[in-house]
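Enquirer: Place chain B on chain A using the hints.
Each chain, written out:
Number of protein chains: 2
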Amino acid sequence: MKRGLSVTDPPDLPFRPLVVIELAKDVKAETRDWLVKKIVDKKKDGGCQLLIKSFIISEEEEETIFLVGASPKRLLLGAESLGLVKECEDGYMRPFIYNNRREYTHFIEGDEDFLTMAECQCIIKQDLDNLRARDEKSVPGYPHSKLYPGKSIFRRLQTSGLVIQVFPLHDKEDLKRLTHRWYRQIRVAFQPIDQIRRYFGDTIGLYFGFLEYFTLALIPMALLGVPYYFFAWEDYDKYVVFATLNLVWSTVILEIWKRYCSSMTYRWGTLIMKKEFEEPRPGFHGVLGINPVTGREEPTYSSLRRTLRIYLVSVPFVCGCLYLSIYVMKIYFDLETMALDYDREQQSTFSSLLLYVPSIIYAIVIEIMNRIYKYAAEILTSWENHRLESSYQNHLVLKVLVFNIVNCFSSLFYIAFVMCDLKLLRQSLATLLITSQILNQFVESLLPYWMQKRSNRKIKSKVKTLKLDTEFALLEQIHLEKHMDAYPGTFDDYLELFLLFGYVSLFSCVYPLAAVFAVLNNLTELYSDALKMCRVFKRPFSAPAAGIGVWMLAFETMGIIAVITNCTLLGMSPQVNAMFPDSKMDLILTVAAIEHTLLALKFILAFVIPDQSYEVQVKVARLEFESLEALKQKQTLVMFWHFCHSGPRPFLYGIIDISVNTG
Amino acid sequence: MKRGLSVTDPPDLPFRPLVVIELAKDVKAETRDWLVKKIVDKKKDGGCQLLIKSFIISEEEEETIFLVGASPKRLLLGAESLGLVKECEDGYMRPFIYNNRREYTHFIEGDEDFLTMAECQCIIKQDLDNLRARDEKSVPGYPHSKLYPGKSIFRRLQTSGLVIQVFPLHDKEDLKRLTHRWYRQIRVAFQPIDQIRRYFGDTIGLYFGFLEYFTLALIPMALLGVPYYFFAWEDYDKYVVFATLNLVWSTVILEIWKRYCSSMTYRWGTLIMKKEFEEPRPGFHGVLGINPVTGREEPTYSSLRRTLRIYLVSVPFVCGCLYLSIYVMKIYFDLETMALDYDREQQSTFSSLLLYVPSIIYAIVIEIMNRIYKYAAEILTSWENHRLESSYQNHLVLKVLVFNIVNCFSSLFYIAFVMCDLKLLRQSLATLLITSQILNQFVESLLPYWMQKRSNRKIKSKVKTLKLDTEFALLEQIHLEKHMDAYPGTFDDYLELFLLFGYVSLFSCVYPLAAVFAVLNNLTELYSDALKMCRVFKRPFSAPAAGIGVWMLAFETMGIIAVITNCTLLGMSPQVNAMFPDSKMDLILTVAAIEHTLLALKFILAFVIPDQSYEVQVKVARLEFESLEALKQKQTLVMFWHFCHSGPRPFLYGIIDISVNTG
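Residue numbers (the UniProt record's numbering), protein chains in the order written: chain A, 1 to 663; chain B, 1 to 663.
Chain A extracted, bound-state conformation (with noise of 0.2 Å):
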């Protein structure tokens, strides 16, 4: 039975549901009155300032849930706090400010429209997050739950399991627009990139872009590579021509991304907006001491001690890994020299087959290991004790990263390099693009899609037996969304591409049907991220990003690997070999003088090319100009204030004395 559904807002103000907060279910009412005090009281009295209004549901199971708003007036000045920047009338974007709320584009008094639903979720998700104690020792009804002056509410709240979640409402409609523009339509059209980012955020917006990015880029290799594959396969000049406009493809690339980026994340403001002050991750911990940045009490951590961690276990532990995996390679290699040889003896049916069980067994033993190793770095990342979430990212890319490209790609350098078999490369190549593929879009998308299908029909008849007649959508709603599993965030996504981007780029000069699968690949991943964000997972809270941080680099260094790679492929394939008849000396002296000045060259084109368009060069020039003045003004004005109040007597400006003539 329904015990509490009321809200009593003054009619003028319709209450819109943005934030759901779900408490644990035993939380105590003294708890539950201190909390919603909090949300609501003047943002003088210490707290948010928000709206709210709360459901009790089900008698047996204390569940409460708070269902969080704002009036929009406090979501416009919230989103100056926050520092949102929005496009002016004259079409400079500036970062928003209240009082000059008539001057940007499309604001219209009493239209709730101007900010978006994702944004003034991550206003009310960024008060809830700055919410402080001032003088509680512990959270009231919970003596255990120690709190400082300074430290986060929510953060203590979270990790003494009081708030389970905290998480975002779907739009319904907005939903359905978006999934229709999306998705739903078979046809040859861009993605609605302004649109999703509207809806999910800054870094969802920024993956879907770049996927879409990347796999335009794919095309002309794509295109490239089928009549070569087809009708050129051992003519000698193709093969240069291709190798070297792979690797021109990959610098090329990389560099008009960026262009694109800092176009597209100048109009949605994020190029522009100024970074916060990062708090510590829920997850540190510490002596409590001052943080000698902010001056504030907080869990301290000797960075020595952290050092000193990820050099002596970290390290030592990726590089066991590593050698671990190459182990696991050389068996693989011994296990396929005995599958031949069984069947170079036996010449069966079965033997035959038997040729397939290493490389499956193998492909298998990579995605588990894969699997295995993010566990353990993720271990191992919390344990190193990162301050801030941003470095326990980089860190934790950076471990993933390496023993990716090391587990999925050794065999493969093993093949071309050491066994010197271009044709098991090929192969090899074919086999791990089209299985990964396949494996990918059934485990990451199809399967949980199905999953949530199912659960979802539980909960709806749940919630029928719980007969609610008002606001009976609104609750089945947050049941549905409030089981749904929290989004993991683009980590994976990305890993995914650039284990794409590693195999076109490296090996497309030996195989290039890998542009043409990794563009199928791309479709199919645009159709089931969407069908993932759309419908498996929890809406996630909308992030501001300026790119794609530290992916940019690892494409980077991917391309320089691209570079040595396909000059080695050049200098091993049969057709160079043969213009260096007599000396294999002079063959490898002129592939390294080759490798050495492409790489010259791609660090200078990196270097020439400019990371932001002209345009968006001069409105960023223009913006840094407006606020330096600004301060100039304010200076100047001050100094008048001095000169005109500096003391009874007054002030001489200045002595002039140009004598005349008196020679």
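Misleading hints may appear alongside valid ones.
Where chains are identical, the list cannot tell them apart; a pair therefore holds if satisfied intra-copy or between any two copies.
Said to hold, decoys possible - As a list, the in silico DMTMM-like pairs of lysine to aspartate or glutamate whose alpha-carbon atoms are at most 25 Å apart:
hint, residue 1, residue 2
1, 151, 624
2, 275, 615
3, 172, 136
4, 151, 212
5, 42, 343
6, 275, 629
Note that these hints are calculated values from the structure, not bench results.
Every value quoted in this text rests on a predicted model; they were computed, and no experiment measured them.
Expert: Chain B only, in chain A's frame:
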């Protein structure tokens, strides 16, 4: 005869002359009066609000000299608007704010030592440069010197030739103290970098800091080089050890310099100083248009045309010069062979002396080509018409660097890698190091010093004939300084260090005494540069700098070239060759593998070692945090204000309803 020399200061405001403005000889009185009024006028009337004192000297030639100063308060406010950073009592560096002046270390009201003289001069320079026309259409008295609103008056006066020069005065007492501590005592000691920076400003301070650091960094290599040279010439192990060491050394010293430099510039306040918006450089010309960034009217020039000029003229020109340089080198080697052949035929004293002729001719030709090329590069870069001084400098440095690297190193590379004659390489390197060192010290410092001394004597005797009793010393000083040459900047000095770094990092495994010569060169360089700064050239205006800028990039690039060269030299050494008696191919592959590993290691090292020390990182973060907090507080206040003034109806902050049990 002195025509006017008086200043009507109030007794409590002693006038301290800081900057000298020399007018052209026949400037009209009308113009003079207008300029003085502009400089002395209040800020709100568009003036500079500075103090001024004028001399009109010698009857026949209407020579006018202005001495510009400012009241202590004006200077402090100027420091605030320039954004100077000073140390606070709590040990943190913060931008100076006049209102909080009592919070800064060493600030004593009424004491003028808080700002250094160099800073005061920089403030005045800044204000004079920013003196802009309001409604004047031209300079009064000179209708051809056009002005438009916002045009810098001093820029126009200088381009019209009405102002001959603006330069800061020396402080004789300070200079005496500085020279005494700096180079008058013969003893082993560090340079007084902080005093040098106080007197000459950040750019010069940084140059001497870098020179000292570089010398210290060379010492271990020099100490290692001497015994190696004399005892272990052909010992294989040490050869490899030396090359590896060389490589680590060149990476590590650059990384440590970055940290050292950031600590130094943090202490000086320039690391966290905000950059001013850059005005067009004096030589920039174009059609009057609207600058899209500032919205102000100023000369504009199409960036497409500039790009075309760069790629269609400058790049081919540079390539042509490089070709010429290599062609000259080939002639040199032809001459060398001819001389050798002749000597072998004749075997006379004359013919053996003739052996040295090609080297000497080549050394002189290189020097001449460098100078001509630099001149051409300056003209070309001017013609490219860059809007900003910084971009002009970058393009110039790049042009000159590329040419100098090829010109100075191509013969060494040719000897090492084409002729494969390591003995000749040693010999050429020694000749080059010794001759260039002697030439440079002589041409750069001793010759100008001697000429300076002679001309000083002349001027002194001329000034004496003027028979001025009052302020004689000051007038003499002005006359002496105004005839000194302007300081040409640190370009040539850095270039010299860069070439030295090249010799040592590229070839010191072949010729270990290179480092010894480099240390000796630096020691004399230290002395001669100090002499140059204090005695030969006009005092330069101090300019804030947070690092050595584009030179860092140049040194890092040289570090990468050094890795490649060292590895190749290693592969060519007979000892390493002896290890691979059977297969040259294995040798080359091994060397290539080592080279790639070392390059990767270098990049990883550069990535892992943070550019700032932990303390500086914390302090910089602290400052950023403070400014974010200040911004937030401002916004919270604004928010309060909005809520308090949001209309007659009391605003509802939030609505709570937790229903009690109604079941």
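Enquirer: If a hint holds in the structure, say so; if it does not, say that too.
Expert: Outcome of the hint check:
no. : hint      : in the structure
1   : 151 / 624 : between (34 Å within a copy, 21 Å between copies)
2   : 275 / 615 : both (23 Å within a copy, 22 Å between copies)
3   : 172 / 136 : neither (39 Å within a copy, 64 Å between copies)
4   : 151 / 212 : neither (42 Å within a copy, 48 Å between copies)
5   : 42 / 343  : neither (79 Å within a copy, 98 Å between copies)
6   : 275 / 629 : both (21 Å within a copy, 12 Å between copies)
Hints 3, 4, 5 from the earlier list are contradicted by this structure; the remaining hints agree with it.
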